[in-house]
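Q: Modelling step: build the complete structure from the supplied sequences, incorporating the hints.
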Amino acid sequence: MIRRDFKPFNEEVKEEEVTWVEPVEEVKEDTYTPIKNWAEEDRPREKLMAKGAAALTNAELLAILIGGGTTKKSAVELMQEVMRSSGNTLRGLNHMTLQDLLKFNGIGEAKALTIIAAAEIGKRRMMEDSRQIPQLKTSADVLKYMEPLIQDLTHEESWALMLNNNARILHLSHLSSGGLTETMVDVRMLLKEALLHDATSFILVHNHPSGNMRPSAQDTDLTQRVQKAAQAINLRMLDHVIVTEGDYYSFAENGKL
Numbered sequence: 001m002i003r004r005d006f007k008p009f010n011e012e013v014k015e016e017e018v019t020w021v022e023p024v025e026e027v028k029e030d031t032y033t034p035i036k037n038w039a040e041e042d043r044p045r046e047k048l049m050a051k052g053a054a055a056l057t058n059a060e061l062l063a064i065l066i067g068g069g070t071t072k073k074s075a076v077e078l079m080q081e082v083m084r085s086s087g088n089t090l091r092g093l094n095h096m097t098l099q100d101l102l103k104f105n106g107i108g109e110a111k112a113l114t115i116i117a118a119a120e121i122g123k124r125r126m127m128e129d130s131r132q133i134p135q136l137k138t139s140a141d142v143l144k145y146m147e148p149l150i151q152d153l154t155h156e157e158s159w160a161l162m163l164n165n166n167a168r169i170l171h172l173s174h175l176s177s178g179g180l181t182e183t184m185v186d187v188r189m190l191l192k193e194a195l196l197h198d199a200t201s202f203i204l205v206h207n208h209p210s211g212n213m214r215p216s217a218q219d220t221d222l223t224q225r226v227q228k229a230a231q232a233i234n235l236r237m238l239d240h241v242i243v244t245e246g247d248y249y250s251f252a253e254n255g256k257l
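Numbering of the sequence shown is given in the working numbering, commencing with residue 1 and proceeding in unit increments.
A few of these clues could be false.
In silico BS3-like links for lysine-lysine, alpha-carbon gap of 30 Å or less [claimed, not checked]:
no., residue 1, residue 2
1, Lys36, Lys103
2, Lys51, Lys73
3, Lys123, Lys103
4, Lys123, Lys73
5, Lys192, Lys103
6, Lys123, Lys144
7, Lys47, Lys36
If you're looking for bench data, these hints aren't it; they were derived computationally from the structure.
A: See below:
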């Protein structure tokens, strides 16, 4: 039960004196200090020259690339904000689009494109390393070879690695692009590509942007159809690998091929 204390209607009510207090506006100190006023050893360019690129944070390296910040934030502080938004990872930065970057106050089209170009150079460096794999011996080799190419995609794509008798890569064929959860593969086109490049075997690869590496019913059905069609023309399907960020699922390793 809620208790209420009522005063009689005829009781005299005295007005309380109210003293008006002028609100005091909080004064915030402006902590912004332009980079040119920083200690020399803390300025990104000087730090790079004195200690080398490895001594700089990702935000400091990006700050050098974009050149300047805003009237309220240094280039380093601006890039720290961008990195926080990307989960403080370069992988997260790779996922950011032009539209994502333009949402930050102080980043216009020129700076946004500079950041995207830098991220792409990093990705291509990884791809160069992966292309040094002359022979695919395990499904982990497939991950290392394909991850730089498809790890940052927001949609599914299917590829096929065409191989010779020694599992050396003859050609990488792009088969299809799809949506977030599936991509269609033309089995006849896949086999035509294999024959075109004189492959004796191949590995089917596609990504799962969702991060869930478990195969769907459609993935399993596709694997069975491709394997059956390949056997009919004496081609070996060595594996079907599903790639996610830093991990993979192998039909061969799981005894489903």
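Q: Each hint: holds or not?
A: Status of the hints after comparison with the structure:
1. Lys36 / Lys103: holds, 26 Å
2. Lys51 / Lys73: Holds - the C-alpha atoms of Lys73 and Lys51 are around 25 Å apart, at most 30 Å.
3. Lys123 / Lys103: holds, 23 Å
4. Lys123 / Lys73: holds, 29 Å
5. Lys192 / Lys103: Given that 30 Å is the threshold and the Cα spacing comes to 45 Å, the pair is violated.
6. Lys123 / Lys144: Distance of about 13 Å is within 30 Å: holds.
7. Lys47 / Lys36: holds, 13 Å
Going down the numbered hints, you'll see the structure goes against just number 5.
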